[in-house]
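Dock chain B against chain A, hints included.
Heads up: the sequence lines are chains A and B, in that order.
Position one of the first sequence corresponds to residue 1 (the numbering used here), numbered consecutively onward.
Position one of the second sequence corresponds to residue 1 (the numbering used here), numbered consecutively onward.
By construction, these hints were calculated from the structure, which means they are not laboratory data.
One or more of the hints may lead you astray.
[Stated by the list, open to error] Cross-link-like lysine-lysine pairs, in silico, DSBU-like; alpha carbons within 35 Å at most: (1) 69(A) with 263(B); (2) 297(B) with 225(A); (3) 218(A) with 4(B); (4) 184(A) with 4(B); (5) 263(B) with 213(A); (6) 4(B) with 164(A); (7) 195(A) with 44(A); (8) 195(A) with 4(B); (9) 145(A) with 4(B); (10) 159(A) with 4(B).
[What the hints assert, rightly or not] Residues of chain B clear of chain A, computed beta-carbon distances all greater than 12 Å: (11) 44; (12) 66; (13) 71; (14) 96; (15) 152; (16) 177; (17) 179; (18) 204; (19) 289; (20) 293; (21) 323; (22) 332.
Ideal Cβ placement from N, Cα and C applies to all residues, glycine included.
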Amino acid sequence: MNEDRFDLRIVNNNKRLFAFIGDFGSGKTELAINFALMRKALGKEVAIADLDVVNLYFRSREYVDYLEKLGIKVILPPREYRNADVPIITPVVMGSISDHNIDLVLDIGGEEDGVAVLGYLSEYLKKEAYEVLFVINGRRPFTRKIEDIVSLYDRLTRKARGVKINSLVNNTNLMDETTGEIVKEGEELLVEVSKVLSIPVAFNSIAEGVDLKGITLKYPIFRIKRFNVTY
Amino acid sequence: MAEKVLVKGNEALGEAAIRAGCRYYFGYPITPQSELTEYMSRRLPEVGGVFLQAESEVSVVNMLYGASCMGVRVMTSTSSPGFSLMQEGISYMAGAELPAVFINVVRGGPGLGDIQPAQGDYLQATKGGGHGDYRLIVLGPSTIQEAIELVMLAFDLADEYRTPVEVLADGMIGQMMEPVEFPEMRSLDTLPEKPWALTGAKGRKPNKITSFDLDPYKLEEMNLRYEATRKRIIANEQRWEEENIEGADILVAAYGTVGRIMKTVMEMARERGIKVGLFRPITLWPFPYKRLEELSKGVDTVFTVEMSGGQMLEDVKLAVKDNAKTPFYGRMGGVVPTPEEILDQIESLVKGSENR
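So here's chain A without its partners, still in its complex pose:
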């Protein structure tokens, strides 16, 4: 694997449970998939659970075949319910949280309604060493300002039933129109948010191909593969 694809500082920990939360369309699913791929590349047994009960479009169950070919287990509701517009959490998720042989990546739905799932799993999560990463795209309408992000954090925390939000991820982007300056602008925003919330910034999530020439970032870089297909 390419050395600069991820910075080892972001994976140097003893945790095996990683949950990605945030606003609608902040890039949680894409990041969760990339994170699972990265853990796999480190030689871990990896499973990814699609717990997005909020939105049935563009979520990790669309990439099942791709991930399974790479040896990543995808935890999904039973096949006959996959396109149903109903929230389903299969008991396999609870089992996997407690299974110390695997790294588990949780792709959580948007906003506080999505995070209610974390609250539901809180009794299981609290027994383990987990990392909840709050994904922020500073170019999304409701997460452009410090106060909006702080208010979202408060709402997410309320629904998480004691599950802590451990770190922030800068995923500021405009898809194909992302520039190094846009990433930097997002990092600067999160530095301020981090001061208010007293939560560290874990890393910058940046799509492959975004030119960072002349840009100095304070936090580690995690290069991600884009998955959303656009016509």
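Then chain B, alone, in the frame of chain A:
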């Protein structure tokens, strides 16, 4: 220049309405447009507007009727089955000549269907889903930036012609994300005057807004007035996009999401040595018959591609007449055709006409 933001189609449709001066939204959530309803519930209080979640779509449309009577800009959004429920009220609004904007983020049907994108509501939208002699102006965006422009246009057309206007999107437009720029917020002071509105009749004769008259001759007069409006709309408001027309081997007619997919198809076709032209109606009513008729005289084939069983195809055939062949390819039930499968169809059509 405004800074670009990354938005979901549903959010963009909502923000565009607010920037067009809409301060009254009534709605009932339904996938795949619920983010739009949610967006309005978040944003309208910030701009001093009213968001109201009704108990059903039947209530929604009647709330729109009432609010529109007051002369303010009003909107709702829904998806296929929800839009069907509104038809009676829409017919009443057309009869009462009340401006309003309806956004239909179409999903697979008929019946309950599914929540994936489809274009099966074209005939309902363009030929009048409710009763009586009326048409809605119907606008079909193919990108999120265009959706923003068309929502703003929808409010202007609704006011100018005193008619309900439908923005016919689909689950793909509603759910996908794109970087966009929003126009400036329209000041409410710049919105058109509505001397017909029910504003209290202080110092003037009372206005009357109704969709009926029990005297058939008077009702016919009303119908003739609607018809005159329709003629003005047909004369002034046809919009379309055409691309790659010059020397095209085949002309494809597609709107909305399929119109967007066609951009990729055209590039891929060029690599295979086929020149594909695109005719993309933007106003689905009034359909740009005349322009398509002219274009059809220069090609062998006008190929219609839709996410339906062939609905816009009927309008394409009315325009093309016997000038060219009018084959069709469609996917239904919420399946979005891939650029590859459309290109394969085009390739066999072009080869077929060469071998003749």
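Cross-check of the supplied hints:
| no. | hint | result |
| --- | --- | --- |
| 1 | 69(A) with 263(B) | holds (31 Å) |
| 2 | 297(B) with 225(A) | violated (46 Å) |
| 3 | 218(A) with 4(B) | holds (24 Å) |
| 4 | 184(A) with 4(B) | holds (15 Å) |
| 5 | 263(B) with 213(A) | holds (32 Å) |
| 6 | 4(B) with 164(A) | holds (32 Å) |
| 7 | 195(A) with 44(A) | holds (33 Å) |
| 8 | 195(A) with 4(B) | holds (26 Å) |
| 9 | 145(A) with 4(B) | holds (15 Å) |
| 10 | 159(A) with 4(B) | holds (31 Å) |
| 11 | 44 | holds (14 Å) |
| 12 | 66 | holds (30 Å) |
| 13 | 71 | holds (29 Å) |
| 14 | 96 | holds (35 Å) |
| 15 | 152 | holds (17 Å) |
| 16 | 177 | violated (6 Å) |
| 17 | 179 | violated (4 Å) |
| 18 | 204 | holds (42 Å) |
| 19 | 289 | holds (27 Å) |
| 20 | 293 | holds (29 Å) |
| 21 | 323 | holds (29 Å) |
| 22 | 332 | holds (15 Å) |
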